[in-house]
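J.: Given next are the chains, with one letter for each unit.
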Amino acid sequence: MKIDLLSKLRKQNPIAFNISNFVTVQDVANGINAIGASPIMSEEKNEAEAMIKISNSLTVNLGAFTEGQLDQIAAVTKYANQYNKPIVIDPVAVGAVQYRLDRCNELLDNINVAVIRGNAGEIAALADVEWQAKGIDAGEGDADLEAIAKALAKKRDCVVVLSGKTDIITNGDAVVRVYNNTDLFKLHVGSGDMLSSTIGTFVAIEDDYFEAAQVAATVFAVAGEIVANRMDQPLAGSFGPQLIDELHLISVADVEKHAQFD
Amino acid sequence: MKIDLLSKLRKQNPIAFNISNFVTVQDVANGINAIGASPIMSEEKNEAEAMIKISNSLTVNLGAFTEGQLDQIAAVTKYANQYNKPIVIDPVAVGAVQYRLDRCNELLDNINVAVIRGNAGEIAALADVEWQAKGIDAGEGDADLEAIAKALAKKRDCVVVLSGKTDIITNGDAVVRVYNNTDLFKLHVGSGDMLSSTIGTFVAIEDDYFEAAQVAATVFAVAGEIVANRMDQPLAGSFGPQLIDELHLISVADVEKHAQFD
Amino acid sequence: MKIDLLSKLRKQNPIAFNISNFVTVQDVANGINAIGASPIMSEEKNEAEAMIKISNSLTVNLGAFTEGQLDQIAAVTKYANQYNKPIVIDPVAVGAVQYRLDRCNELLDNINVAVIRGNAGEIAALADVEWQAKGIDAGEGDADLEAIAKALAKKRDCVVVLSGKTDIITNGDAVVRVYNNTDLFKLHVGSGDMLSSTIGTFVAIEDDYFEAAQVAATVFAVAGEIVANRMDQPLAGSFGPQLIDELHLISVADVEKHAQFD
Chain A
1 MKIDLLSKLR KQNPIAFNIS NFVTVQDVAN GINAIGASPI MSEEKNEAEA
51 MIKISNSLTV NLGAFTEGQL DQIAAVTKYA NQYNKPIVID PVAVGAVQYR
101 LDRCNELLDN INVAVIRGNA GEIAALADVE WQAKGIDAGE GDADLEAIAK
151 ALAKKRDCVV VLSGKTDIIT NGDAVVRVYN NTDLFKLHVG SGDMLSSTIG
201 TFVAIEDDYF EAAQVAATVF AVAGEIVANR MDQPLAGSFG PQLIDELHLI
251 SVADVEKHAQ FD
Chain B
1 MKIDLLSKLR KQNPIAFNIS NFVTVQDVAN GINAIGASPI MSEEKNEAEA
51 MIKISNSLTV NLGAFTEGQL DQIAAVTKYA NQYNKPIVID PVAVGAVQYR
101 LDRCNELLDN INVAVIRGNA GEIAALADVE WQAKGIDAGE GDADLEAIAK
151 ALAKKRDCVV VLSGKTDIIT NGDAVVRVYN NTDLFKLHVG SGDMLSSTIG
201 TFVAIEDDYF EAAQVAATVF AVAGEIVANR MDQPLAGSFG PQLIDELHLI
251 SVADVEKHAQ FD
Chain C
1 MKIDLLSKLR KQNPIAFNIS NFVTVQDVAN GINAIGASPI MSEEKNEAEA
51 MIKISNSLTV NLGAFTEGQL DQIAAVTKYA NQYNKPIVID PVAVGAVQYR
101 LDRCNELLDN INVAVIRGNA GEIAALADVE WQAKGIDAGE GDADLEAIAK
151 ALAKKRDCVV VLSGKTDIIT NGDAVVRVYN NTDLFKLHVG SGDMLSSTIG
201 TFVAIEDDYF EAAQVAATVF AVAGEIVANR MDQPLAGSFG PQLIDELHLI
251 SVADVEKHAQ FD
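Chains as they are written, first to last, in this note's numbering: chain A, 1 to 262; chain B, 1 to 262; chain C, 1 to 262.
There is no bait here: all hints are sound.
The list cannot tell twin chains apart, which means a pair is met if one copy fits it or any two copies do.
Pairs of lysine to aspartate or glutamate, EDC-like flavour, derived with a Cα cap of 20 angstroms:
no.	residue 1	residue 2
1	K154	D207
2	K11	D183
3	K2	D254
4	K53	D102
5	K2	D207
6	K45	E106
7	K45	D71
8	K45	E67
9	K78	D157
10	K53	D71
These aren't lab readings, by the way, just hints derived from the structure by calculation.
One chain only, chain A, in its complex shape:
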């Protein structure tokens, strides 16, 4: 794994355009800034093309869209494809709500995406696999997680990051598993959103999206694990600011020392 992509990211300081959900947008912006990219946000269709032109990647979080925003998302993603800016999709809660699944699949039918990042329930829903999802959480199920991730990667011809206790990253053929984790990620609303936007910062500076997604997932998981290991007890609220601290402080050497993957 080319963990020194983290150095490249910080050197290039790419502009990461994010269509975020309103729940976690501030953490997402601060996370992007902390790791070494520059976040820009917009909900206005009329500046979609201008925003894409100055951006190096686009991350679309479908966590809390409205019908009106779908128009803007359609415009922004179309321009991203036209100007060859890689797209990361976060299909929040598509495993729990049919309406979200339908809208997300319509979007994916019309654009090319670089990476889809979701939990098991979300990835399973997009891959048309039966899965028990409960609200925004991952749910539980018996299906083979790697097979599900591969199926979606092949269906949508993209990299898939299925995040959970173990993060599974696949291009449809090869699979990388990242074992770093902490339960605090589940306790902090927006951890998944931040992981997706972190992937967005790496695809902005590395054309091999499979490699970029692996490194992003590993840096993010190691940063969370470092923060958690410093705590005597799980601090659900303090974890957020400290995770952003660590995304800025963490070095390539730190990641290489702690990363556990195969």
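Assemble chains B and C onto chain A, guided by the hints.
T.: Just chains B and C now, with coordinates in the frame of chain A:
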């Protein structure tokens, strides 16, 4: 007071649907998650029924709605009534702005609510009592706070939580007062919103809404007091993350030890 | 510089109406509250007049508006002029996106503003000076920053705060430079937004907007510097809550001790 409802909450991990205001939504989501429920948010009318069906309660915060969102709020609350999911209403600033008061009363005329949570100025406005409100703050007045809370509870046939230095919880007849408090609640924007959404997590697991509201108010107030007592000086910014820390860490025994009510 | 305006602010506790961008709104609200004012937010045109009437100033952040919100912004700013409530404008990213520059200039053509607060790229764009802007960041350029700020102040007949390593505050003739700073401001998304809303709290209690803007910029910069000086390493995430802590704790004596300006 059945403080061990907190254990029931954590065991059942209910899904708490929140229509939040955009100012404090991230704290609200993290607070819900920290105490032991799962937050879901949505502003899209087309998924209103699906969201209500997977939820165990609905909290509607009227802190920053637009005309367009009122349609969605009408739809969501109608489905909540239809599917018997209890509704908590937070009538932000209805004491300061007539437009908000009118819209809130129209909403309350059309639905059944389990709990209304507001400060003195907001509860007084909904109860048609003269009150001096200043912006989003509670204002000051001479009226009998308990009488005001009871009047609204009877008018709307629901539980009322009038929060302030002392929290007053009433079903229209009986009254419980919770004396735990800290000035930091007023310094932290969103404390009231978090209290309302905390009530939303308890009505999700307890059909006796009067009991649920009492316990929610007590757990929340004690958590804030514990955080404040650990501080040498009032830390207006750090209070937010630390309150979320404590909402996760606090035990039934902690609450029982510190709770002051009658 | 009349640094004891900070005492006046805390004594008067003005109501600061903010049209914020959704990315940083919670930090903005908490910062306003912490320094000693009361924030109110609204996106609904129908309550524009009522909100302005109870407010002492209006801060309009153009960080993430949509076409629909421009209607509300037009209404709110018109009422602010009508009721003589001073307006602070934060022209986010007008240096990077022509659409934003056009909308901002249209707005400025139709209203009188007290203060415009932006970074070098934003102020240059509004002053019609060539400048290299990169995303939301300030960009770099060779033009004389003071001349740019003065040009805009004269063009729009208002006070201009050009924030950066050195903050430049001008009424078009006189110039004050504030040298307090920390790199953490750039690492924390929303620092600029918070500075603008802090200016909004000072113009709410002081009719000499040039004086008010100087004091606001100085208090804010000193608070950030104090927080940064307490840290062993740059904590990009913890800086936010701690800055809000300090905005509440900082005294006139603290500011007088640390302020560096001429």
